[in-house]
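**Student:** As they're listed, the protein sequences go chains A and B. Residue numbers for the first sequence follow the UniProt record's numbering, beginning at 1 and rising by one. Residue numbers for the second sequence follow the UniProt record's numbering, beginning at 1 and rising by one.
It is worth saying that the hints were derived from the structure and are not from the lab. Just so it is clear, CB atoms sit at the ideal spot from N, CA and C, and this is done for glycine as well. Any given hint could be a false lead.
Claimed, not checked - Facing chain A, according to a computed beta carbon distance under 8 Å, are these residues of chain B, among others:
#, residue
1, Gly24
2, Tyr62
3, Gly64
4, Pro66
5, Leu68
6, Glu71
7, Arg174
8, Gly287
9, Val288
10, Asp301
11, Thr304
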Amino acid sequence: MSRIGVAFDKARADGRAVLVGCMPAGFPTVEGSIAAMKAMVDEGVDVIEVEIPYSDPVMDGPVIQKASDIALAGGVRTADTLRVIEAVAATGAQVVTMTYWNPIEQYGVDAFARDLAAAGGTGLITPDLIPDEADEWLAASEAYGLDRTFLVSPSSTDARLRMTVEHCRGFVYATAIMGVTGARAQTSAAAPVLVSRVREVTDLPVGVGLGVGTGAQAGTVAGYADGVIVGSALVRCVLDAPDQAAGLAALRALSAELAEGVRNPAR
Amino acid sequence: MSADAAAPAGRLPDAAGHFGRFGGRFVPEALVAALDELDVAYRKAMTDEDFLAEFDALLRDYAGTPSLLYEARRFSARAGARILLKREDLNHTGAHKVRNVLGQALLTKRMGKRRVIAETGAGQHGVATATAAALFDLECVVYMGEVDTERQALNVARMRMLGATVVPVTTGSRTLKDAMNEAMRDWVANVDTTHYLIGTAAGPHPFPELVRDFVRGIGEEARRQCLDLTGALPDAVAACVGGGSNALGIFHAFVPDTGVRLYGFEAGGEGVETGRHAASITGGRAGVLHGTRTYVLQDEDGQTIESHSISAGLDYPGVGPEHAWLHDSGRATYLPVDDDEAMAAFELLCRTEGIIPAIESAHALAGALKIAPRLAAELGREPVIVVNLSGRGDKDVHTAGGYFGILDKEQ
Ligand SMILES: Cc1ncc(COP(=O)(O)O)c(C=O)c1O
């Protein structure tokens, strides 16, 4: 009973990995973020990870920090994020929400789960909520049939990894490196090891994120993971562009490159 | 601190770091292993005679504790209360922070780590960390909001002299909260080799408990000293509250003494009603910030609101979770003290006692001036108030000089 499982099942049937593309809601504007996410869907991104901008994003590197700051300076509200999710879900793409915990707690955990389900969102990725503190979210996600993606890390002990995975539904997020979001020149050697550790304890799909930025890197990760999660590299296309049209063009080009990468993984 | 002073069973927090509904761990999974490692090392250390003896010796021979409890007679006359100052300003490096830093540096060594990182607001914690890093031969990186590097330039120079690398943080509000974000990001990436030497009793479990335990000697000493001096416990204990370490440090030993009133004074900035303040308990709501659930200055959506205070060390939009709990339970009372009230008390201490306090500590002095008449009325006699003079004002000469208009404006 997983909402996002559909995307993984479909990709699995095609013999490929799912491409997950991340973008903060409200960056650079609410409408601009919807346009960006729709462009990503058009170019073959399977799952859109809508990040709720937050003032203190400790798991994010400079690119997503800056995009979040721009979104917040523009006045984006949590309710706007739900509007973005609804608009993107309406395209038929799967939408998962990535959020630090405080915005959800202040919205009301149950209320957010209700409104997220109503907007067509599949569930939450929670970078600073570990299952140990998640009782309210576990209950709300059960009540509204939402997926729960907790993170596992190369530093997770076997016991914690098993416990964390047991609390996931939909997919597991394996953080490829010890660090924050941001594209890196090289993909991680720790990631394949972590993915195989997860596979030993679950049949859930495993997505790998942190550091992936090119089609070739996406292809490499697709070789051992069920999902390839790309954030900063996509956000940077919009951040660095001189205007919206140029940003969308760069975003389309990179999305297409990444989509090609997961479809024809490296040699 | 001695082994028999170890926290009795049944005291908070629980094993997962909860003080009632506050505390806990709201962190990336990547940090959990390091927090667990730290928790184990800390619990072992607190029952290890060798560790405690080494810590005691450092506090005595290096930091200069126990700090004096000084009866400030001329200040008392103005306050209408018998004011006893816990002279943490006389400690090596000039504040209570040295206690926490020496404890954590010893733990770092025990865990076999070679690098420490820290966040700092006023620069006091950064200086203390750089000091301990020099003493223990550890690599040291201090994150400091760019705004703070400007208003506390002297402390930046101090840290560099001590061999630390100071990294100005240019994101967000460019103050303490952003320095803390940046330190957490560094820690996530370097957790194998690095200890995050957090500067206050906040952050994820076990930091609030661990920091409290390293600074609780302040209250243990003060309690004894007050009994020696006056033959009785004080009527009240007063401290300023930024993240909350000096306040917890002096409160902790008095918590079971229910006749002793505990007062925490938060930075009221330009006035809580103006929205420009740093009074998280008075003016905030329960939420999650920097790895813990506590009172946070935040908007309706849970976005952190920038704090404001003339005192860089109190300019933080959260507070340690144990204070949140002490507030909810009613054991301690938290009141705001605004910039002007703090500076008036600052000036009064300078002029009556020849002691230049840290502006942070001036909030506690102002608070004592505020509660003294109430307490006197309630008790029908002159109250005895122990005030934690958490630090000295050398670092604040520029700010205070500007405030009082006694510095050349060009400086
Ligand atoms: C002298 C002094 N007192 C108090 C504080 C506030 O911190 P805490 O609330 O943790 O004691 C600081 C922080 O830099 C400080 O330097």
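**Student:** Starting from the hint list further up, note which numbers the structure goes against and sort them upward.
**Tutor:** Hints 2, 3, 4, 5, 6, 7 not satisfied by this model.
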